[in-house]
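Each chain is listed here by its residues.
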Amino acid sequence: MNFERRLYFSIGLVMVLLVLFSCTIRQYSLDEQNGEPGEALAQNEERLPLPPIQRAGRRTSPTLDSQIDAPGPQGPFSEFQKVTAETLASLPKVEDLRGRTDAEVHHSPPELMAVSPSLGRIAQTLREAPELIPQGIEFYDACARRDDILTAVRVLCLRNLNYWTRQMPDVMQLEANDYPEDLWKIVESLPPVTQ
Amino acid sequence: MRVVGFTLLLWVLVGCGGNSVGIRFDATVPGDQRALMEQDLQRLASIRMAPGTAADYAQIGVADFSPSSLTSWLSERTRFIVGEEFDWKQNVKIVKLSTNRVPTVIASLFSPSQLGATTVMWNLGSYLYLDGKDNGTAYTLDLSNEVVQVLSPRVGVIQIGEGLFTANAIDGVPKDAYANSLQRLGTYFHESRHSDFNGSDTGGPHAKCPSGDYKDLYACDQYSNGPYAIQVTLLRYFYSACTGCSQTELEGLMLTLADYRTRLLPSPKAADPRPERMDL
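Protein sequences appear in the order of chains A and B. Quick note on my numbering: the first sequence kicks off at 16 and runs consecutively. Quick note on my numbering: the second sequence kicks off at 3 and runs consecutively.
Here chain A stands alone, though its shape is the one from the complex (with noise of 0.2 Å):
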């Protein structure tokens, strides 16, 4: 008995060692190819363009970067980075109503429905795949801060934003002050996000 004991426990060892030893090579082989860990994303696709912003009182979680770097470039991560950027370039601007007459904006302009499935895609998405939510505040944090899009868009961002900050506070803790008190007085008059 203390033989086979004892034979048991040296294979067991054996693969365990194994195991050790193939994660160190394919770690070498990852950082020869990236150079520094945490710059695969970096390398292989676009970054969300962020607008250079004060972020007061945020906090990122550290399993973030490494979910958003852990995949490759056709990942889900990426994809949706992909989804999130194009959304915050193709967002109507305040300039776009520039010359238009009162019985052109006495409803809602266009402009603003044509937004709604990029908007809608990403609240989807949020719902179905929890692990982009960490990005999912990023965009909607990028969105509430730009003051040359419609007050509309950015009401909207923020209201998502404040979901989702108070769904995940390990992510990104919310700083009232870094949004302008306009929206918030709108945001706080109109439905809640549910789930």
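Don't take each hint at face value.
[As the list claims (entries may be wrong)] No farther apart than 25 Å at their CA atoms in a straight line, the calculated lysine-lysine pairs in the DSS-like style are these:
#1 Lys-210/B with Lys-177/B
#2 Lys-210/B with Lys-135/B
#3 Lys-108/A with Lys-97/A
#4 Lys-135/B with Lys-95/B
#5 Lys-108/A with Lys-217/B
#6 Lys-200/A with Lys-217/B
#7 Lys-217/B with Lys-271/B
#8 Lys-200/A with Lys-135/B
#9 Lys-200/A with Lys-108/A
#10 Lys-210/B with Lys-108/A
#11 Lys-271/B with Lys-210/B
#12 Lys-200/A with Lys-210/B
No lab work stands behind these hints, which were simulated from the structure alone.
Since the structure of chain A is already known, use the hints to place chain B on it.
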């Protein structure tokens, strides 16, 4: 009992070729647009909204948010729908004035709601009434099957266009989607509110926005019970009633709601919504 009575009323109205709200459609309204509007009105007649607050009821002027209260409110203010092809300048006649002329635009407040060349919706009757009032005259309007005397902003003649179903609709969602019906219903209530008020407030004209996205445009509400104000209130409840709607539908409704909310000026005053009437 009330539900049975209301259902019977609906059945009679639909059976008579009308719609649940009793709104009459002019021959100039294209069939597909009429079908969508009738579907919207049917949905209003069966909508399940959360109970409102007393302040919300008072703002709009309803006893509650039951389908019967809402449809009744709408039918008092929107009686006729004319299509984009309806040429009101060709069909308006002066009742009491020495010179025979076509009304001129009195202010930007009541010019048609257009997006490019496409009309969304506007309250033609209220506009004509105000023009007549300003010029010491009154008009009649020849519709397909009847002649309407324009003696009050409550005449309820509303013109619609393709824009109501395209530019005013949530992208990526069918025109007949539930959220698009709710979106349009918000517009119907907005335009219907232009059938109210009296004195200098007649028609509930929009105010010039002092700042924001619509700075210097007449796209804001100075009244706490004006067209944008009641639209915002109703859209809040419509949004919550949009159960089973997709995220695109919900975000679209929310964008509209937020947009109209930005148009409410701070410290608004409630205007007397009772409509005035002109005596010939």
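Hints versus structure:
| no. | hint | verdict |
| --- | --- | --- |
| 1 | Lys-210/B with Lys-177/B | violated (32 Å) |
| 2 | Lys-210/B with Lys-135/B | holds (22 Å) |
| 3 | Lys-108/A with Lys-97/A | holds (20 Å) |
| 4 | Lys-135/B with Lys-95/B | holds (14 Å) |
| 5 | Lys-108/A with Lys-217/B | holds (14 Å) |
| 6 | Lys-200/A with Lys-217/B | holds (19 Å) |
| 7 | Lys-217/B with Lys-271/B | holds (20 Å) |
| 8 | Lys-200/A with Lys-135/B | violated (39 Å) |
| 9 | Lys-200/A with Lys-108/A | holds (21 Å) |
| 10 | Lys-210/B with Lys-108/A | holds (20 Å) |
| 11 | Lys-271/B with Lys-210/B | holds (15 Å) |
| 12 | Lys-200/A with Lys-210/B | holds (21 Å) |
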